[in-house]
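Q: In case you want the letters, here they are:
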Amino acid sequence: MNDAAEYALRLGDDALVLAQRLGEWAARAPELEEDLALTNIALDLLGQARALLTHAGELEGEGRDEDDLAYLRSDREFRNALIVEQPNGDFARTIARQLLFSTYQLALYDRLCDSADDVLSGVAGKAVKEVAYHRDHAREWTLRLGDGTEESHRRMQDAVDWMWPLAAELFEHDALTERLVAEGIAVDPRALRPAWEHFVGGVLEEATLTRPETTYAPTGGRRGEHSEALGHMLAVMQSTHRAHPGATW
Amino acid sequence: MSELWEVFVRARRGLSHQHVGSLHAPDARMALRNARDVYTRREEGVSIWVVPAEAITASSPDEKDAFFDPAADKAYRHPTFYEVPDEVKHL
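Chains as they are written, first to last, in my numbering: chain D, 1 to 249; chain B, 250 to 340.
Next comes chain D alone, as it looks inside the complex:
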């Protein structure tokens, strides 16, 4: 797969895998209102994933469409970051993942609006408003859980501690991003970190939470080296398509 296709696949897989995880909250969220909020966010991400995977397939030029890429790849062929594939855990852990990821994704899309790739800039331009809401949703809940009861504070801190090391991978660069940054197509992930630190740090402080201090930074998602959780998630996500190839709604 060429550079541009691979990059679109990374972006698309982040959105697709997180959409699937959030979709697992359907009918299981703490309240009906939250059920709708999380699945609305999932649908926003799914829309982004569809456009990005379609684009990746076109750039690859081997006739694969969005469904082929979503349903007929194994876990080792997925290029999402590890943080999005993590099991939902309790509600606090899902919110922690949303805060860390959507803050990153908003900064990314904001800069991607200027990409030399018209499809990427178009998707980013539309998605920036969606993700601004995702970040707002996560911020509001982080504040309430962190600065809520003793139990909610304990759980929110535990959730942030658990998710925090996984965020580092989002800001990693490699030869591929360097080549695409030079062509004006990609955003340098390293450049997104300061604004991310500033925003997330501010939310944690306001929520009376402690910013984790750790050097542990698991990685490998962009190379297809995933945690065990992704395979189980894909087994569910892909089962219908694999059992009934080509089935339509």
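By construction, these hints were calculated from the structure, which means they are not laboratory data. For every residue, glycine included, the Cβ atom is placed at its ideal position computed from N, Cα and C. Check before you lean on any hint, since a few could be wrong.
What the hints assert, rightly or not - Each pair of labels, with its calculated beta carbon distance range:
no.: 1; chain 1: D; residue 1: R223; chain 2: B; residue 2: Q267; range: 49 to 57 Å
no.: 2; chain 1: B; residue 1: L264; chain 2: D; residue 2: Q238; range: 40 to 48 Å
no.: 3; chain 1: D; residue 1: Q238; chain 2: B; residue 2: G270; range: 50 to 58 Å
no.: 4; chain 1: D; residue 1: E206; chain 2: B; residue 2: T329; range: 54 to 62 Å
no.: 5; chain 1: D; residue 1: R28; chain 2: B; residue 2: R326; range: 23 to 31 Å
no.: 6; chain 1: B; residue 1: R326; chain 2: D; residue 2: K126; range: 51 to 59 Å
no.: 7; chain 1: D; residue 1: D90; chain 2: B; residue 2: V300; range: 25 to 33 Å
no.: 8; chain 1: B; residue 1: Q267; chain 2: D; residue 2: G201; range: 38 to 46 Å
no.: 9; chain 1: D; residue 1: R28; chain 2: B; residue 2: E336; range: 50 to 58 Å
no.: 10; chain 1: D; residue 1: G47; chain 2: B; residue 2: E303; range: 36 to 44 Å
no.: 11; chain 1: B; residue 1: V300; chain 2: D; residue 2: E197; range: 36 to 44 Å
no.: 12; chain 1: B; residue 1: R259; chain 2: D; residue 2: H198; range: 30 to 38 Å
no.: 13; chain 1: D; residue 1: E151; chain 2: B; residue 2: E292; range: 36 to 44 Å
no.: 14; chain 1: D; residue 1: G47; chain 2: B; residue 2: R278; range: 23 to 31 Å
Stated by the list, open to error - Pulled from the structure, derived: some chain B residues nowhere near chain D, Cβ distances all over 10 Å:
no.: 15; residue: H268
no.: 16; residue: M279
no.: 17; residue: D286
no.: 18; residue: V295
no.: 19; residue: A302
no.: 20; residue: E312
no.: 21; residue: D314
no.: 22; residue: Y331
no.: 23; residue: H339
Let chain D serve as the given structure and place chain B on it in line with the hints.
A: Using the frame of chain D, we list chain B on its own:
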């Protein structure tokens, strides 16, 4: 911890806010966000109000007769003697 909120949505400029339903939320900011997700995800509105349900004082069904029946036989209170031009909307 969740309170009940009543939700009012303005469908578009020029119309007034209409009651659309209720929802649960821990506070007003979250109530607004929940209202956005529950009641406006199909482009139903351009503005949302949320009001704590307990802030609403409602007339009682028991008082229905005393409240509303006396108005029933006073046709002279209805502006039925004007002709409304076809061009006038939302009257």
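Q: Now tell me, hint by hint, if it's right for this structure.
A: Results for each hint:
| no. | hint | in the structure |
| --- | --- | --- |
| 1 | D/R223 to B/Q267: 49 to 57 Å | holds, 53 Å |
| 2 | B/L264 to D/Q238: 40 to 48 Å | holds, 46 Å |
| 3 | D/Q238 to B/G270: 50 to 58 Å | violated, 37 Å |
| 4 | D/E206 to B/T329: 54 to 62 Å | holds, 59 Å |
| 5 | D/R28 to B/R326: 23 to 31 Å | violated, 54 Å |
| 6 | B/R326 to D/K126: 51 to 59 Å | holds, 53 Å |
| 7 | D/D90 to B/V300: 25 to 33 Å | holds, 31 Å |
| 8 | B/Q267 to D/G201: 38 to 46 Å | holds, 42 Å |
| 9 | D/R28 to B/E336: 50 to 58 Å | holds, 52 Å |
| 10 | D/G47 to B/E303: 36 to 44 Å | holds, 38 Å |
| 11 | B/V300 to D/E197: 36 to 44 Å | holds, 39 Å |
| 12 | B/R259 to D/H198: 30 to 38 Å | holds, 36 Å |
| 13 | D/E151 to B/E292: 36 to 44 Å | holds, 38 Å |
| 14 | D/G47 to B/R278: 23 to 31 Å | holds, 26 Å |
| 15 | H268 | holds, 17 Å |
| 16 | M279 | violated, 6 Å |
| 17 | D286 | violated, 4 Å |
| 18 | V295 | holds, 15 Å |
| 19 | A302 | holds, 14 Å |
| 20 | E312 | holds, 33 Å |
| 21 | D314 | holds, 37 Å |
| 22 | Y331 | holds, 45 Å |
| 23 | H339 | holds, 30 Å |
Figure legend: structure checked against the earlier numbered hints; hints not met, in rising order: 3, 5, 16 and 17.
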